[in-house]
Every structure is written in C-alpha cells, then in structure tokens.
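The lines below spell out each chain.
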Amino acid sequence: NAGVTQTPKFRILKIGQSMTLQCTQDMNHNYMYWYRQDPGMGLKLIYYSVGAGITDKGEVPNGYNVSRSTTEDFPLRLELAAPSQTSVYFCASTPEGYGYTFGSGTRLTVV
Amino acid sequence: GNSVTQMEGPVTLSEEAFLTINCTYTATGYPSLFWYVQYPGEGLQLLLKATKADDKGSNKGFEATYRKETTSFHLEKGSVQVSDSAVYFCALSAPNTGNQFYFGTGTSLTVIP
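Residue numbers (the numbering used here), protein chains in the order written: chain A, 20 to 130; chain B, 628 to 740.
Treat the hints as calculated values from the structure; they're not laboratory data.
Since this is a predicted model, take the numbers as computed values, not measurements.
The beta carbon of each residue, even a glycine, is placed where N, CA and C say it ideally should be.
Keep in mind that the hints are not guaranteed to be accurate.
Here are the simulated SDA-like pairs of lysine to any residue, each with C-alpha atoms no more than 25 Å apart in a straight line [said to hold, decoys possible]:
#1 B:K687 / A:G22
#2 A:K63 / B:L675
#3 B:K676 / B:T692
#4 A:K63 / B:P667
#5 A:K28 / B:E669
#6 A:K63 / B:F645
Now the in silico label distances, taken between C-beta atoms and shown as ranges [what the hints assert, rightly or not]:
#7 A:S103 / B:G705: 40 to 50 Å
#8 B:T697 / A:G59: 35 to 45 Å
#9 B:K687 / A:K33: 24 to 34 Å
#10 B:Q672 / A:R96: 24 to 34 Å
#11 A:L99 / B:T697: 37 to 47 Å
Work out the full structure: start from the sequences and follow the hints.
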C-alpha cells in the first residue's frame, strides 16, 4: 500500500500565483487533514474532512480552499499565493480513533 | 479548549543517556494521547499512543504513560542512540472534534556519539 501520497514534493511560486497541492490515500480512511508546519511552531490545521463531500475549517484556513469529491483525494488550493504561505504542508488521514498516517510533505516557497 | 505544551528544545544528549521529553495537555473530555517522530526531510510517524488514563504506550524502547491526575504524557527512553536524533511531537486527539489532532511545537533531539 502506498499510504498517503502528496505531490509535488517541492514548489516555488511567485506572489499572486495559484496552485493545487495534491493528496491521495489508498486506505479508505474517512478522515483527512491538511496541516502546515512552520519552524518552531508545530503543526497548524488548515482544513479537514470527515468524509466525501464534507469539509470544515481548521485553525488557519485563510488563503486556502479544499474539496473532497472522493474518499481518496483531498486537494488543497492556494488561489493568490503570499509569502506568508511559505511553509511545509502535510496531508494526513485516519480511520476514526486511530493515529494519523502522514504524507511526506510539500515544501512550498512563495517569492 | 484543547492544547498541548511540550518541553522546548533543542536537546542534546550523549549516546546511551536517559531521555525525558515533557508533555502536558489541556483537553475537554477524555483525549487520546500520541507521540510522533519526524526524521529530517520526512513526514511525521506515529511513535506510540495511549487512549485512556494509566495506559502506557511503548515502541522502539520509548515509553509514555497517560497521567490524568497531572495531565501529562512524558516521553522516556532509557538509552538513546544516534539514530534517535529527530524532532518529537506530542499530540492529543479530542473527542467530538472530527478526530482533530492538536500538536505541541516539537522538541528537537540530537544524540552525539
């Protein structure tokens, strides 16, 4: 099993550009999450989903959008990239009551 | 609300030294508690967990006991190795929150030979 797959691994964006971070899991988990990790700040929840067609905001949703049309996929969209969105982004999934399985991360730099 | 506070780093130890990384939490209800480890350039991996008071999670020589009376979940290892060098995150999963996890800020551990 591949687990949680994130693409791309690295990306440099110019201010104002848009992009989609892809996340796919093959474990049939209902719950999926997007976090950002800034140095010394731990992980902050951006958006999460408890099942296909259901999404909700986390702690830091501004500047991001998500969709969950299938159980497997949970893409994260940045519409107008800003330097404050420079970070490492992690996608995670879980069946309820268990620990997260994390993807390997996407390192995004906005210049 | 829900939050996790963990010991600030960085922590530097010699090989075979004893490790303790402190973690305390605030939660509504009865959370599950976790330790995750992140090796350089990688995502977070589950190290151990405990789902109720007095449970002890253990894995790879690491242990942590869920202490409800002190709201703590300290990570310990009796003899660290160079390969244990990583960042360690304490986390909680609170009930009725869509299975959201709340993470501490992480503690960087470096083990020197």
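Ascending list of hint numbers which this structure does not respect: Structure breaks hints 6, 8 and 9.
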